[in-house]
Structure formats: C-alpha cells, structure tokens
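Trainee: Protein chains in written order, with our numbering: chain A, 1 to 442; chain B, 1001 to 1314; chain C, 2001 to 2261.
Careful: at least some of the hints might be erroneous.
Derived lysine-lysine pairs resembling DSS-like cross-links, with alpha carbons at most 25 Å apart [said to hold, decoys possible]:
#1 Lys-1081(B) to Lys-82(A)
#2 Lys-2097(C) to Lys-1009(B)
#3 Lys-2130(C) to Lys-10(A)
#4 Lys-2135(C) to Lys-18(A)
#5 Lys-2135(C) to Lys-2171(C)
#6 Lys-203(A) to Lys-1006(B)
If you are wondering where the hints come from, they were derived from the structure by calculation, not from laboratory data.
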Amino acid sequence: MALKGLDIFKLTPKTNCKDCGNPTCMAFAMKVAQGAVSIEKCPHMSPDALRQLSEATEPPMKTIAVGEHKLGGETVMFRHEKTFVNKNLFALYLCADMSDADIDAKLAEAMKVDYERISERMYVECIFVNVSDTQTAERGIAVVKKAAETGRDIIVRCKKPELAKEIVSAVPVKVLVGADASNWEAMNAVAKEKGLVLGVSGKDLSELYDTIEKLEAAGNKNLIINIGGSSIKDAFAAAVQIRRAALKDNVRAFGYPSIVNVERMAPGDHVLQAALASLFELRYGSIIVMGRMTYADALPLYGLRQNIFTDPQKPMKVEPGIYALNGADENSVCAITVDFALTYFVVSGEIERSGVPVNLLIADAGGYSVLTSWAAGKFSAGTIAKFIEEHQIESKIKNRTLILPGKVAVLKGEVENKLPDWKVVVGPNEAIQLVRFLKDYK
Amino acid sequence: MPFTAKPRKFSAGIIEIPLGVGQNAVTIGGGNVLPLYYFDNPAKNPPAVGVEITDTGVEAAGLPELAAYYEGANTPAERAKKAAAMEGADFVCLRFEGADPGGLNRSVADCVAIAKEVVEAINKPLVIAGSKNLEKDVELFSACAEVCSDKNVLFLSAREENYKTIGASCALAYGQKVGAESSVDINLAKQLNVLMTQLGVQPQSIVMNLGSAAAGYGFEYVASTMERVKLAALEQNDTMLQMPVITPVASETWSVKESIMPESDMPEWGSLEERGIEMETVTASACLASGCDAVILRHPTSVKAIAALIAALL
Amino acid sequence: MARFTIIGERIHCISPSIREAMDTKNPEPILKRAKEQIDAGAAYLDVNIGPAESNGEELMKWVVQLIQENFDNHPLCLDTANRKAIEAGISVYNRSKGKPIINSADAGDRIVNIDLAAANDAICLALCSKSGISKDNDERMMYCQEMLERGMSLGMDPADLWFDPLFLVIKGMQDKLMEVLEFIRMCTDMGLNTTGGLSNISNGMPKHIRPIMDSAMLAMAMMSGLTSAIVNPCDQRLMETIKSCDIIRGDTLYADSYLEV
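Bound conformation, chain A alone (with noise of 0.2 Å):
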C-alpha cells in the first residue's frame, strides 16, 4: 500500500530545512503523499529511506503488454476525468475437455469476425484456453496448439504447475492463468521463465491481495487480475473494488489490469453474456473472455468500445472520401458532410434508411461537427472545393447535384461561384429528416 503523508514524514530528517522549498518536512511529505512533488526534492534522504519511497511513487497501475497489445496503465475512474487509455481486449473462450469439432466451429465462427470501423480492425485479440487439472498434457497442446494457429494471442488457464509448463513450453502463449495462494510459487516460476504474464485469483480480495504481494514480493510485477467465479454478483463487485483501490485508495497490488469471463458466469447464454461484456466493457474488464464471437456479438460491443475509448479530447475522425451508399454510382447525387465520427454515423445512417443511392462526400473538417468546423473555417467553400479537387471527385463522379447540410446553408452562394459546374441543393437541418428530404427530392 502506498505510503500516507505521516508515514513519509517519519522518513524525512525532520530538520524543517527549506532545502527543498517548503517550509516544513511535515509540508513536503503531505505534497508527495499527493504526488504532487519527487521524493529527489529532499537531498537529505536517507537511501533507506528513498528505497521505501520508491514505490509510492510509481504509477497507480502498471501498464501490461499482451503480444502487440497494452493493458492497464488507467488513472482515472471515469473518462470524463481525463481519458481512458487502454482499451479492452476480447478473448474467445474454448476449454481443452471440448470436442475437436465443438474447438473447430467456435474458432471458424469467431475468425469471420474481422472487419474495420473507423480505421480500427474489429476482430477477437485473444483465445483462452481452460485446461482443467485431469486433463492430459497431450490434449492441452494439441487445443493450444490449433488455438495458436489463428495467430491470435493465447491465454492458457491451468492451474497444475507442471501441466502448464509442458504446455507453454510446448506452444507460444502469451498469458499463462491460474496462480492462487496454493501454487503461486511453482506457477511464478513457470511465468517468469517463459516471460509470461501471470494471471492471479485468490478466493477472495484478501487472499488475492496477499498472493499478488508475494509474487511482487519475489520480483513479478507483469500480472494480470484473473476476476474467477461464477457469481455475476462478486465477479463485478471485485472489478470495481480492485480498480478503486489501485486508483483512489493507492493499494499497489491492485494496480494491474483484469480478466473476467463471461462464459463462466452465463454459460450458453450469449445474450446475458453479451450484457455482461458491455457492463465490463465501462466497468474495468481488460480482457473479456466470451463464449463465442458473432457479428451479434461484435457489432454493438466494439462499436461500445470505440465510443468509450475515445479520448474526450480527441474526437472520433473518419476518413475524408467518397462512400457510395445504397449501390451508388457516378451517375449518383452527391451530399458533402464533416468529418466527425458521430456526423457521419448519422447522417450515413439515415441516408441508408432512405434507400437512395448517395455519394457522401466526407470532408476533411477536423473532426468537428457541421456547426463547429464551419465557425472554426475548417468547413467552408475554400475547403470544400479544394476537397473536390484534392480527391478528383469531378473525375470520378459524374452527376453534379451536391446536397449541403442544412445548417451550413450561408454557404451555397459561395459554393456555386466556387464550383460553377454544380447544381447546389440546401439539404435539411436535422440528419433526422434526410429520409423525407432525399425521398421527396428524388
């Protein structure tokens, strides 16, 4: 647990030397209680001293690789507060006691999933694989071994030290799960070897909390917090209590990322795993292990995802360009918008609504909605024609109807004389109304 201001100042000189800028040792030890100056400032620290501090001033939680990907390293407890950082990854879940067909449907099942959405590629990062005690070493390999074959990165729960050291040395796994208070020991081992992350559980925070402080009592700070159970009930509660207590409450050994799987605590029911993945998705799951992974599945979840991830001061941007919606083609009219992720999705989606095929010509406005980017000069004529000239629209397109979004509507004068080829048409205000207006208009 990081240290309170009164246990710092017990370690300062107690002089009140003003070496450090403040006026007392008293003041100083409050600041880096808050962090809010180094330990370095005092130069009068004992090394012992200093040894103690050092982890105090560690981040609330560490940052945990898994293969290209990064866990963890959040800071704040909602991403109103500043941002979250590291999205959450998904795992298909698969058990070595499962039939080779049962294993090879889920895998094909779950690799059609592969798709981009705003300039991020959809798909499930991870396979975890649960080998029970009394399964054989042969069997896990062999699961492990078809799982590894889709590239994705393997998790491999098993908590027989020996079992799942003939596995990992078998097969490249990324994570190895399964450490308890009874076998930490053996599976660090295990872990550290093989330069794996250790997935840790204990029956209850207590018990987990006393596990993790021995394993980064034996020098292993790359874990991950395996949240077991099947209770729904328990396995949230201990998401939002470890988090709270890494972030709010300093406690250190909680300051690593978490696993919690869905399979086991709604098992075959995909629709109540479905509402599960999107409560840990807000709530401090960092790999989500589910059941399978349709299209059903991933559409809403990892377009949750994207929405929750996305720094609040950064909006969500699309690519500038044409997207022929309903099977349009050159002959087809075309409508210009911005390129905020929010307005496209919008106004994308109601024009699909209409069935009117429609070139939506997505301009480069810098991320900003219609009005904003418009008041900041980022959406104006001058940006507009140089977009129709810079993506050579008047070669690719051959109709030249350009519907403006509504609010912009002072633009269509200066549109024109920009673009004396064109025929501009006011489009209405509301995305909401663009059914009527395309299907009046047509």
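Guided by the hints, dock chains B and C onto chain A, whose structure is given.
Mentor: Frame of chain A; chains B and C shown alone:
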C-alpha cells in the same frame, strides 16, 4: 495483511419515484451509491425494465420471434397485456407513433381512447411516450393525463420548448409524473429541472430522460453525461440532478443499420433478429452501468436478459 | 471535487434573540434562523452556545435535537469552549446527512478537541494559532503540522481536519491579508481542507461595504483553494459569489438558473 474494500456511500441520494398505483406500483430511483454498486450499499430499488409497444402495431419485419410473441394481439390493449406479461417486465411504455402529424396523424381523441384501454388492461405501471412532435404532444399528454388521472402515469417527455404546458397539465393539474428530456446536454438537463421546479412541479414528480444513442453511435457522450449527472447528484449533492433517469433504449437501437439491414444484404452478419436483440441488450446494459434507473426495451429476449443481469447484481 | 461548504453562522449566542431563546428554551427564534440559513444554501449550521459552563451539556443536546428533528437531520457544527457540551451534542447527533463538525481546536490548550474528533469520527476545525495571532506563515504552518500529526496519529483522515488560517481584519492588519491567502494555497497544495470566519476581514467597515469586501475576499480565497467558510448565508452577494466561483472551479454543474438553486 488483510485487504478491506472501502465502501463508498454518499450522504446524498437519488429521489425515489413510484410509478403506477397500489400493488401494481414500481418505484424507481433511491439509493446512495454509484450505479449498480450494490456492494457499497444494498439496492434500494433495482433499476426497472419497461416494455415498449406502439399504437400502430408491432414492427416485426424480419423478426419472427417478436412477431410470434405478439401473435393474436390485434389491439394496443392486447399488445399491452402481452408486454406486461413479458418475463422481466416491470412496466409498459405505450408510444404514440401514430400521433405524429407527419405520419398517421391519429387524432388526440383516438389516442386517448387507446390510452384508456391500455391503462385498464394492464396490471403494471404505464409510461406514455409521445409522437416527438412538440405541439401535438402537449395536447396529447394533457388529454391522456386526464383520463389516466388516478393511475400515476409517467409522460415522456417535456422538453425545453414545451415543459410549461406539459408540466402544468400532467404534473400540476393531474398529479402525474413527467419526464424532462434533454439531448445529451448536462447543463440543459439541470436547467430543465430547475425550470420545472420553479413552475411548481415537485422534484418527486420529475424523471430525467437524458437522451441516448445506440452502442457505437456516440455512446461516449451518453455514458459521460449519465456518469456526471450521478456524480453531481451524489458527490456534490446537486438537488437539481437527483431525479432518477429513464432511457428509452429501444427507439434508438432498433433504427441503426445493425438492427435493420436484412440478412440478404449482409449475409456475413447473420440473423437480423439476433443483431437487433444484442444491440438493444448491449446498449441497455451500458445505460444501466452509466447511471440509468429505468430502461425501455422492445424485444422479449432483451427484456429477459437485462432483467436477469439486474437480478444477478442485487 | 465537492462543492464549497457553507457553514451558516447565524445561530450564535452573541445575538440577543438567540441568547434569550437559549436561556428560555424557546424554539422559535432558533428554528427561524435555521430555516433561513438552510433555505439560503448552508450545508452546515454553526451552533454557538457560548461558554455555557453550567448547563452546556443539556443545552447543546437540546439545540442539536431541536434543529435536526425539524430539518431532516441537517448537519451541524458544534461551537463552544465547553468540551463536555460538544461531547453531549455528538451523543445525540444524527449523522445520516453528514458528520458533526467540532468548532474548534487550536495548537494550544484546545488541541485536545482533535482527540475528541478522532474518538467520535467527527470533522474538526483547526485554528492555526496557539495563543493570539500567528506572526507569519512559518508559525501557522508549524501549528498546522502539529495538529495534522496529532490527528493522523490518532487515525483521522486528514480530510477531516479543516485548517483555519484566521481571517484577519483589514482595518488594522491590511498588510497581512495576502499572507492569509498564501497560507490557504500552501494547505491546498498539501491536499488539505481549509475554512475560517471570513467576515472578520470586514469588521468595523460600513454596513454596505461589508458584503462587497467579503465577496472579493471569498473569490480570492476560493482561487487559493479555500474549501469552506463560516459565513452569513443570507448575504445574497456573498452567496452569488460562492455559487459563481463553484461553477468556475467546476464543483457545480452549470445551468442558466444556477443562482436560483
């Protein structure tokens, strides 16, 4: 050294608001912990789940399960009965889709007759949602509030433009509950509550509708607005944001591409119904996690899953 | 961040009507002033029963119960030099709406009030002086530390010690005011809460000047991080200033009608 989690209770709390009357009443709000954090303090009232029906019928194209559920229910009252009987349903929401002057333009008198039949037919609280046409809703709500005067109905919603008339008729004249609707704008949400209370509407009669979005469609704004509202209510004891929050999830999620694109157009996406259910369920779960005290859903499978989720967290 | 905490100062035995009400156990004047202050936005009500050497315990119990029973257990700040009276007040205090505040400890004889706060899970106002006015911020900080150490060694959360720099009167000590603000900033940087009897700065000034001067001082003190003050919540200008500063600090959400709530 044993670890003890520090419970985080607030001395401020969310207002409790009963909907419906007698044995059929359901109370939303209450509690003094962050959304769903029942490990900090047991739930006062769990979040409620409502089932939405419309006056116009069941939009079930491509949704065989939904169509089957309502099979044989040919009137709004019959559909309301089925909705009330849905596993996990706490209340029914009747949406007057057909009242929109830009659509069917059903007369206020016809709507009132439907509202009366529906409220009589069900043994659960009723929420009445309007046509989203500002002028029509004023008239519609006032007339419906009168015929349902002893039923403690919630009306969705009053907006900045029409809160005076809706507040005066529904809440002040007929003692009903009123939704205060803003579009994902926390300052306006607070302002509307201030204005409504200045009009004389008790905070105990106001339910906030903060606006929503489907998962993936700017939901970050929804989540942050709800979270900030709850933090202001609890941490800053902001009495103008302590009203419970209701979110009509279904009307947002069943209109996005993922929930309407037929399987024939997107074969790799699979079953349309399953996509719609999961979009609705994932969005509802995210709303509850962010701070919503009641959600309104459409599909029986989503209702069941969300009710199960809530029950599991208690 | 929690919003600025206003402690209403108007239930004070120095007021003749309140003193008489306390002498005769007449609830009306006390309830009237309690209601005025609660309606005006006071999060806490200070209850000053004076030294009350003979009947302090019984009197404090009576006032605490009187106000809390009539105003939904509104939080109170127990203000008397009689420790037994504070203890008695806490024994009947309902903390469902907030912990009691003990007013006050200092670094001198009254430091034992910190022990009382620690033993009763109460908030304690901690005056950064020993006997008379501290001569400079070094002295204030020394007292601040002594009290902080004492509280923390007794297991108190530092957030429950609200340090009072002592707001000095402008007419007479004008050159000390910036120092007071600097001290508030030092406490803020240490993550500590601060409070004080703000209107002391305008003592002796013409009546119409006082709200103006108090408001200006308050805005500057809030900029320095002041988290609470003992004030007259019925002073409209002051309350408007506090509400506006709360908005600028981000401690209250803005709405066009923010002054009206």
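Trainee: None of the hints should be skipped; say for each whether it holds.
Mentor: Hint by hint, here is what the structure shows:
1. Lys-1081(B) to Lys-82(A): Given pair Lys-1081(B), Lys-82(A) is violated - Cα atoms ~46 Å apart, limit 25 Å.
2. Lys-2097(C) to Lys-1009(B): Holds, because 11 Å separates the two Cα atoms, which is no more than 25 Å.
3. Lys-2130(C) to Lys-10(A): Status holds; Cα separation ~24 Å.
4. Lys-2135(C) to Lys-18(A): Roughly 19 Å between the alpha carbons, so the hint for Lys-2135(C) and Lys-18(A) holds.
5. Lys-2135(C) to Lys-2171(C): 17 Å, holds
6. Lys-203(A) to Lys-1006(B): Holds, because 18 Å separates the two Cα atoms, which is no more than 25 Å.
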